[in-house]
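Student: The primary structure of each chain is shown beneath.
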Amino acid sequence: MKLLNKANYIYLLFSLVIYLLSALAFYQVTRFLIYDEVESRLRVEKRDFEAYVRTHHDWSSSPYFVENKIVVTPVSQRTQPPPEAFSDTLILNRYDNELIPFRQLTFYEPVDGVMHRVAIRKSLIQTYRLLEAITATMVLFLGMLLLGTFWFQSRLSGRLWQPFYDTLATIKRFDLSSTLPLQLPQPAITEFSELNDVLRKMADKMQHDYHSLKEFTENASHEMQTPLALINAKVEQLIQTEQLTATQTHWIDSIYEASRRIARLNQGLLLLAKIENHQFIDVHPVNLSAELRQRLLDMDEVLLHKQIRVSEEPGADFQVLLPPFLAESLLSNLVSNAIRHNHPGGFIQVRSSASQLQLCNSGPSLHTAPESLFQRFRKEGNSHESVGLGLAIVRQICDTYHLMVTYQYAEGLHTLTLAGRE
Amino acid sequence: MKVLVVEDERGLAESITDYMTKEEYICETAATFREADEKIHLYQYDCIIVDLTLPDGSGLHLIQTLKQLVATTGIIIISARNSLEDKLKGLEIGSDDYLTKPFHLSELNARVKSLLRRRQFGGHNELRFHEITVVPHARRVYVNEQLTTLSRKEYDLLLYFLSNTDVVLTKASIAEHLWGDNIDSADSFDMVYSHIKNLRRKLLDKGAADYVQSVYGIGYKFGSL
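These protein sequence lines are chains L and C, in that order.
Residue 95 in the UniProt record's numbering sits at position 95 of the first sequence; the count goes up by one each step and never skips.
Residue 185 in the UniProt record's numbering sits at position 185 of the second sequence; the count goes up by one each step and never skips.
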């Protein structure tokens, strides 16, 4: 729900409640005033009646007239007469056959020594009309006011919030990795102007951090390569020494192996960081199926060495858009993976179609959960060869370049599938 | 042969110089851009080995300057940057080779030698080691004047050995020289072993002495007995 709609909705609901309550209160107040007026007039008439009875000791009037009628009826005297009381009553209009509301004052008065019940009435018909007219007018005007303010409010707030929506649209288009700073207008309203200032500062900071982090990752990796080169060089010099014992050589070999692993790890992490930072932009159409075939041909010596057979089911070629360097990295990681986790005398199968490319290999079943297969530093077994980044790189490339990679295992067959993502 | 090593990491420059000096090259070093710039203006080198990231400038500018001064000097870039653009850029402005750090000294040495061979004799020279003769441009190997047929990998292996005689070559450096760094070392070490075994047998069959020695499982040495 949009902010403006929400605000209008709440406003409408609130004013409706307020209007209803005020209409009710208004009705009650008017009614109270009218009753008050009628009742005070009835009291005056009661005083007139009393004065009349005191002077004349008698009361007679025709019971014919309905309006301003005073009904006097004798009552038995035994009981204590109740105090005077007002009540509403309806009396049938004999011409219209309509019930007409009356206010009635009932009291007890001795007339000529005999207790009589006296009821004085006044018609409420005009006052009711008045009340109806007032109520109707009020409802009408309040309704119009309500609708009017609602319309005005939505127009006004739409205009007031415009800078906010402009800002929102600009932020949506903002690209963190670009070198262009965030361009926001300077609206006249203080809050929006402050908001834009804050956003601009935040964006600048984010951009700066992003670029420095990117640089840092790269520089850190590069700076690491030089000491590693130094270690390698010194090891190579050290092993030229004639007097080395077998144990010493073994130690040196361990140092050498470890430094080579760090170098591989470092290169893997650097590549991942570069892909994450979208530093490879020049995508080209790549025939992955053909490249995979070539990759397997390049590895024929290793395949022969491990006695792994390669077979391919005929099918259409799988074409994708990828930076060539990453296409190569993707395939070499997949092929290395298929060879590494194979067993001697195993096989590799390639299935290619226009929509996907499958690489299946025989091999022992996984020890780890298949979902974690694409995580960084996830290694099957205690292999010292692998640094555990290969499939993470594959996943990262796929995620960044609209591809999907999935893993299935069935009956000793590991299958990695590359497919386009919708 | 005069070689200039432009590298700001002293220890690394020292190692390269030591290794090269053994190969009877005259080696000089420069640790900064200014120093290197001065040297290439003053002296002539057959080959320079340049690090791209120097504290006071880029190795690429140095290469551009050098190309204007002496076009024949061989140039090998050693860089921590392993990006395709850097490699292409380096080759575009006239460098002959590009090595990514960390590299093997033996590999650097082999590349320098191969570069100098191409530069100085157009590749039309022969490599001789006692009774073994290699003719690089024809990819032929003779032992005691007899043609010896080697596989592609065996030939590469022999050439690598001949570029680095009398030094211990690690298995990893041999494997990387033959296959690049895309294969697992366990597999490649086995394959190195079998290629060395075959090469040795072929050379022995033609009457060559056994020059290949295994060094404590860390590597192999090809040299005079």
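Hints in this document: simulated from the structure, not taken from any laboratory.
Please note that the accuracy of each hint is not assured.
Said to hold, decoys possible - For each label pair, taking beta carbons as the anchor points, the in silico distance ranges come out as:
1) 258/L to 223/C: 51 to 61 Å
2) 344/L to 180/C: 53 to 63 Å
3) 58/C to 208/L: 48 to 58 Å
To be verified - As a list, the in silico DSBU-like pairs of lysine-lysine whose alpha-carbon atoms are at most 35 Å apart:
4) 306/L to 2/C
5) 89/C to 234/L
6) 379/L to 197/C
7) 234/L to 197/C
8) 87/C to 274/L
9) 306/L to 89/C
10) 46/L to 234/L
Beta carbons: idealized from backbone N, C-alpha and C, even for Gly.
Student: Taking the earlier hints as the rules, which of them does this structure contradict?
Tutor: 1, 2, 3, 4, 9 and 10
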